[in-house]
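K.L.:
One letter stands for each residue in the lines below.
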Amino acid sequence: MTDSADPREELIEHLPAMRAFAMSLTRNSAAADDLVQDTIVKAWGKFDHFQTGTNLRAWLFTILRNTYYSLYRKRRREVEDPDGEMAGAMSEKPAHDGHLVMSDFREAFAQLTDEQREVLILVGAEGFSYEDAAEMCGCAVGTIKSRTNRARKRLAELMHLDEDDSLDMTDAATLAVVQGNPAA
Amino acid sequence: MNQQIDDNLRRVYDDAAREPVPERFTKLLEQLRQQEQKPCAPDSDTSPEDDDQ
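Protein chains in written order, with UniProt numbering: chain A, 1 to 184; chain B, 1 to 53.
It should be emphasised that the hints constitute simulated quantities derived from the structure, not laboratory data.
Since the structure is predicted, the reported quantities are computational estimates derived from the model, not experimental observations.
We treat Cβ as the ideally placed atom computed from N, Cα and C, and that holds for glycine.
Honestly, I wouldn't trust all of these hints.
[Claimed, not checked] Simulated pairs of lysine-lysine, DSSO-like, Cα-Cα distance not exceeding 30 Å: (1) K46(A) - K27(B); (2) K27(B) - K42(A); (3) K27(B) - K74(A).
[Unchecked claim] Some but not every residue of chain B turned toward chain A, in silico, with C-beta under 8 Å: (4) M1; (5) R24; (6) L29.
With the sequences and hints as input, model every part of the structure.
P.N.:
Here's what the structure looks like:
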């Protein structure tokens, strides 16, 4: 054994981020915590495979998102809409008074595909590199780049944002996005 | 605009990630640690009651 800390002891430091990531994938707090629980148990059984010195959060996030796609998404059985076209067509245009309503961002984010929400959290919010995100998602770097661009573009479209509109939201509004709470 | 989207995503995400970890998870980690220390622990034990030590 080396002197470095046991990654098992560091797991708890990543739990808040894991919950936030799980919430943005499942959009449901009960499902999110179930997903985090499954992830912890899986990770615990696989710690022998974790390479000390590599990014523990990335490793945990990878297990979490793989668990989500293999178990949780199937349970929901929603219509697949990889490009978000249908979601866009189905969404009503919000009353546009020149101000961004706080629910716009939340609704727009929720309409993105799983893959789009995932990549925005990984690259946009967590700040993982395209390379790291590609490894975590098991796809090519180019795929992550184009998916990120499409997701941002889609989000702007859904919010009917023009280039010079500003994205000014309250904390409550932004919090609701990741938590997936219905507008209070 | 991408910067704005990311800024807001980060704010949301950081807020969510500041939530305290529920007891459910600290207990789970404790259980996992204990299982590791007692590899022969009966995992088929379905009794809902734990012994208080």
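K.L.:
Going through the earlier hints one by one, which of them does the structure break, listed in rising order?
P.N.:
none
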